[in-house]
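Asks: Whole structure, please, built from the sequences with the hints as guidance.
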Amino acid sequence: MQTTFTPEQLTDPAIQRSNEILRSCVHCGFCTATCPTYQVLGDELDSPRGRIYLIKDMLENERKPDARTVKHIDRCLSCLACMTTCPSGVHYMHLVDHARAYIEKNYDRPWSDRALRWVLARILPYPMRFRVALLGAKIGRPFARLMPDARLRAMLEMAPKTIPPVSRNDDPQTFPARDRKMRVALMTGCAQKALNTDINDATIRLLTRLGAEVVVAEGAGCCGALTHHMGKVDESHATAAKNIRAWAREMDGEGLDAIVINTSGCGTTVKDYGHMFRNDALAGDAARVSDIAMDVSEILMRLDLPEGEDKGTKVAYHAACSLQHGQQIKTYPKDLLRIAGFTVLEPADSHLCCGSAGTYNLMQPEISSQLKQRKVQTLEALTPDIISAGNIGCMMQIGGGTDVPIVHTVELLDWATGGPQPPALTAPGKQKPKIPILR
Amino acid sequence: MTPKSEEELAQMIAGANGPLRIKGGGTRPIGHCEGDVLNTSAMRGISLYEPGALTIVAGAGTPVAEVEKVLATENQRLAFEPMDHRALLGTEGAPSLGGLAAANVSGPRRISVGACRDFMLGVRFVDGQGNIIKNGGRVMKNVTGYDLVKLLTGSYGTLGVITEVSLKVLPDVETTGTLRLHGLSDHQAVTALSAALGSPFEATAAAHFPKGPSGDPVTMLRIEGFADSVKYRADRLRDLLKAYGEVEVAVGDGAEWGLVRDVTAFADQPGDVWRISAKPSEAPDLVARMDAKAVQYDWGGGLIWALTDKGRDLRAAMGAFDGHATLIRGAADVPTFQPEVPALAAITAGLRAKFDPRGILNPGITT
Amino acid sequence: MEMPTPDASVLSRKAQIVDRLSEVLPRDAVISDERETRAYECDALTAYKCPPLCAVLPANTKEVSDVLRVCHEMGVPVVPRGSGTSLAGGALPTADCVILGVAKMNDVIETNYDDRYIRVQSGRTNLSVTGAVETNGFFYAPDPSSQLACAIAGNIAMNSGGAHCLKYGVTTNNLMGVTMVLMDGTVVKIGGAHLDAGGLDILGVICGSEGQLGVVTEATLRILHKPENARPVLMGYDSSEVAGQVVTDIIKAGILPVAIEFMDRPCIEATEAFAKAGYPMCEALLIVEVEGSDAEIDAQLKLIMEIAARHNPVELREAKDADEAGRIWLGRKSAFGAMGQINDYMCLDGTIPVSSLPFVLKRIGEMSKEFGLDVGNVFHAGDGNMHPLILFDANKPGDLERCEAFGAEILKLCVEVGGCLTGEHGVGIEKRDLMNVQYDPADLEAQMAIKDIFDPAWLLNAAKVFPLETSQARRVA
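Residue numbers (numbering that gives the first Met the number 0), protein chains in the order written: chain Z, 0 to 438; chain H, 0 to 366; chain V, 0 to 476.
Please note that a few of the clues may not be correct.
Restraint-style ranges between C-beta atoms, simulated for each label pair [stated by the list, open to error]:
#: 1; chain 1: H; residue 1: G251; chain 2: V; residue 2: A272; range: 38 to 48 Å
#: 2; chain 1: H; residue 1: G251; chain 2: V; residue 2: N342; range: 50 to 60 Å
#: 3; chain 1: V; residue 1: G130; chain 2: Z; residue 2: A143; range: 35 to 45 Å
#: 4; chain 1: Z; residue 1: D290; chain 2: V; residue 2: G364; range: 25 to 35 Å
#: 5; chain 1: Z; residue 1: E345; chain 2: V; residue 2: L315; range: 35 to 45 Å
#: 6; chain 1: H; residue 1: L239; chain 2: Z; residue 2: Q327; range: 36 to 46 Å
Selected chain V positions facing chain H (Cβ under 10 Å, derived; list incomplete) [said to hold, decoys possible]:
#: 7; residue: D65
#: 8; residue: A294
#: 9; residue: E295
#: 10; residue: G422
Here are some chain V residues the structure puts well away from chain Z; computed CB gaps all over 12 Å [claimed, not checked]:
#: 11; residue: V241
#: 12; residue: D293
#: 13; residue: S367
#: 14; residue: V414
#: 15; residue: I452
In case anyone wonders, no lab produced these hints; they're calculated from the structure. A virtual CB, placed ideally from N, CA and C, is assigned to each residue, including glycine.
Replies: Set out below in C-alpha cells:
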C-alpha cells in the first residue's frame, strides 16, 4: 500500500520498520479468512487487514489513539494466523507490537482498564505473587457471579481447581544426562510453573533421558511476552534483558546448544529477542539467544526419540497459535507423538485460536469464550482419549471447557519413553503423587 | 416472413403491427401462439469454428444437424445432447440452432456437463422494438456486464428473436458404456442413481424406467471416455451398486440413449406429456402423487417425463414442490409453464415489458 | 476515477439515517464513526478509496431486508460487500452510501449428499464451502485464486471462475438457487434443489450482476464428489507460440484437462526468486493437470506428454508424488505474491480466444516498451483468461495513471481480437469506461433495462458496471 510518512517521521527506527511492513501489505484480504475475531464478528475492523489500516492511520497522522481504534487493536489475539496466510509476507506481529506500545504510551485508558492491566502485569510474570493470587481466586471462585466486571468474573472462573506446590526442579541447577549429547538451557517460565509443574518435570526427564544435559540458568525468569503484548515495552524489555544476560552467561560459560522453551507463547517472544533488542546495547547477545531458541518439539526432533508400540490411544493434537503460526512449527509435535506410538488426530479448523492468547481470555472474555466453545467442539468431535497441546495457556483454556484430559505433548512423550503416567490422566479422586525431585 | 439478415429482421419487427409467432425449425411448438409467422431459417451459416478453442458461432437459422455434422468432422459435439422433439410431438422440419437456445433444449448428459444455457457463450438478438443487441462473445470466461446470454436462453422468443449463437463444444468420446439394473422400485432406483452420481466415477447420464421395454423396471447409467477409462469406471460402479442387484454392462455406441433423450416411449402414446424438474430424492413421491399413465426419470431423478390423461392438471395433483412442471404436449386448460410466486412473476412481467413493450413476440406462449 | 457526486440531502441526514438503521439492527452492527468507516473505504483495489456514510453488518435475511427497506424509504444508496477482495472495485463506496457487509452471515444451512447440493449463507468464504463437505469426499468446484477469503456473495455477484473452471464451469454453472433481497426489502427465492429455470433464467442474470440487482443472502450450490486423484505436469518452452500450440493440440486430441496454466518469463523469474519452486528459466511455462484414477491419469498424461514432447520442450516434468505435485503448483500459486514483492502491480483480467495468445503477448511486449512499464503474464490457457500483471510504483507520481492507460490498451486489444474485457473479476469501477469498447449503446441499454426492473430507483451499487454518462439519467432521477 501507499504510505505517507514524512522523512522526519521515518528517522524513528520503529516508524521506519512499520513503514516497511505497511508498504508490503497489498490489502488483498486473504488474512481475513483465518482471523478468529473476523470469523466471530464479521467486521473488517476486527480483521488483520482492518487493523493494519487503523494502525497505518494512527501512526501516519500521529493521532492520539481513540477508544474505537484501541478496542479493535485490543481485540487482536496476536495468534498470527494472518502471518501464515499472508501471500505478501507482511510482518503483522511487529506492526501490532509497535501499535500496542504506541497506544500504551499515548492513550488515556479508562481507569478500570488501567488498573486491571497494571494488576496483571504485576502478578502474572511473578510466580510467587501469582500463586497467592490463584489461592485468592480459588477462595473467591464461588463469588464469581457477584463480580460486576466480566473480566474479573473470567479471572475467578479460570482459576484452576488445584494449585501445585512450588517445585524445586524449577530452581537454578543442572540436570545431568546419561550419555550426554548436548547441553541445553530450559526456560522454566513464570505463569506456567505456578499453574502446572508437571510440564517442566516431564521436559527435564525426557531431555536428560535422551542425552541432553539440562540447565536452569541463574537469573532467568519471565520472557516478557505478557507485558510485551500489553504494550508495556519497558517492563517486557527489562525481564527479557535478565533472560538474555542469564543465557549469555551460560553460552559463554559451559556453552549451550539450545535454549529450550516448552510454552510456545514464550518461545515466539524469545525467538523475537533479536528484533526487540536490535537498537539496544544488548543487541548482540539478544541475537545470539534468539538464534538458539527452540521449542521443545524442535530439540526433540534432533534427539533420537525411540519408536514406541501402537498404544491404541487417540490423541487429539491442538496446534497452539504461537507454535503453528508464531514459530511455524506444524508437524514436529504430531510426528513425535506418532513415533511414540500414539494415534494422532487433528480437529477441523485447526488453524483457529482457542481464545487463550496470553491474557486475552481475561481481557476479552466474550470473544474468548466463543472461540473456546468452537475449539472444544472440534476437539470433542474426534472423540479423543487425550488432548495434547504445546502451551500452558491453551491447556488452561481448553481444559476449562471439556472433560477430556488435556496434557502437554512432552508429558505424553515422557510417559511413552519411560516416564510416569501424566498426573492429569489419573482418575479423579486419586491422589496426585508427590512431586519427585529429579536430580 | 423470412428475413435474410439481422437488419431485415429488425426492420420487420419494428414495422410489425400485430403478434408474431417466431419459428425456427418449427419442431418444438409450445403454449398457445398466434400471429404472423416470423421464420429464422434464412439467417443461417457457420461463421466461425475453432476446434482448438472449442468454439462455434452460427446463425440462429442454421439446422442443428448441419452443426453436428461439422463438429463430427473434428470429432467434437454439442455435449448438452439436445433432445429431438419431433417424435414426441409429431412434428416435422429441421430443428434450428436458435430454437435450441430459445428453448434451452438439453438431454440426459445435462446432469453431468450442463444444459444448453451452460454452453452458450454469446448471443445476438433483435428485441421487440427492433433493436439489435449482442451479449457475451465467443470466449468461455466472460463477465463483462450482465449475462443476457442466460436470460435469452430458454426465453422462448419472448424477449427477442435470436439471430446468432456462440456455443462451447466438447470433444466426442471414444467409447460409451451402459450399465443396467433391473427390477428396482422408483425409490431404490433414485437412491442407486444418486450413489452413482455422488461417486468420483463420472456417470454422464442416469435414467430410470419404471416400465422398461420388457415391462419391468430398468435403471440405466452411462459412462463415456477412452476405452480403458470406461471399463474401469464401469467396474467400479458395478461394485458400488452391487447391493442393488446384478449390473449388466454393455459397451458400444450408446445409441440406446437417444431413446432416453427423445422420450421415444411416449411418442406414439395418446395423452398429455409433462416435463417436471424436481429434487431427485423427492421425485418418486411426486410420481406417486401424479397418478400418471407412465413416467420416465432422467438426471438421476431430477427430471421426470410424465404421460397423463388428456386435460389433467398435474400441478394440482402434485401440490407445491421444489421444482416446476411444464406442459410439453397437450391442450390442457392450465398454464403451460409453472406459475411463479408474485415477486418473481412481477420481475418476469417487467422484463418482458422492457424488451417487448408492445407484447408482440410470441405472446400467449406462457398462458 | 470519476465517481458520482454524493447526494447532499443524504449526507445532511446522516444522523437520522444512522438512527433508523440502529432501530433495525443491534448496536454494534451499525458503524458510523469516521475513524471506523475508513476501513470500508475500498476493497482489494486500493487505488480508489471513499469512506461510506456508514457500514452495517446484518446477521440474517430479515435484517438485510429491514436495512434495504429503510434505505429505500430514505433514498439512501447501498453498496453490498462480501469479503472485500474484489480487484475491480466492486465494493467501492460513494460518500453517501451505506455499505451492507454480509460477512456475519457465514453459516451452512443444509447439506444434502444424495441430491448433491449445499445451502449456505452468502457471507461464507468459497473455500470453507468445500471445507464443509470435504470430510465426506465432496467439494465445491469454482476455485478463484482468492477462494480462501472471498465470499460466495461476491462469487455470485461477479460470476467468479478459477483454475478448475475449464472442466467444472464457473459460478453460474454451479449455482442452483438463491434467496435475494431487492432494494425495497422484498425477499425473493429463485431456483432451489432442482435444475433448470421454470420460466426466464432470472438466476442466470442475477449471477454476474455485480450486486446491482439485489443482495443475495443465501445460495444453493452444486457439490461434486472429489476425483480419485489429480496430477499436474510442468512443461517449459522457448516461445509462447509453441506453448499455445501445445494447448491447442491437447484439446484437439480429445483430452479435457482439469486446468491449464501458463506463465511467461517475467513471472517465472519473479516467482523463482520468491518461492524457489524449481521452475525452468524459459519463455513460457505450462502446468497441465488431469484427474481420475491413477490408471486414467497415467493414460491421459501419456498422451499429453507425447504431444508435449513433439514441440521441443525445454523441460518436461511429471509429478511423482503429492510433494512434487505441490511444488509444481507452488510457483503458480505464489505468482501474485511474488510479483507484489518486486513492486506494486495492477492485475488485469481480459479474455482472448486461445489461438490469439502469441499475437497478444507480442503486442503486450511492444506496449510494455512504449509505456515503460514491466509486465508479467499469467494465463488460464484452457479458456483464454489472461492476467497481465503490470508493475508500477504507487509512490511515484504519474505511475498509476500510466499503468491504467497501459491496462486500458491491453483490454482494448483483447476485445479487438474477439475476446472481452473481463473473464472473472467483473467490471466494477475498473473497466466501467471501457464498456463502450465492447458494447454498443443498444447493448448497454438492454442491460440497464434489466436493472430498471429490479431496482427502479437505481440505489443499489449504481456507480458500477456502466459508464457514468450512460447511467446518468437513471441514477439522478
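Asks: Compare the structure with the hints numbered earlier in the document and write down the numbers of the violated ones, lowest to highest.
Replies: 1, 4 and 7
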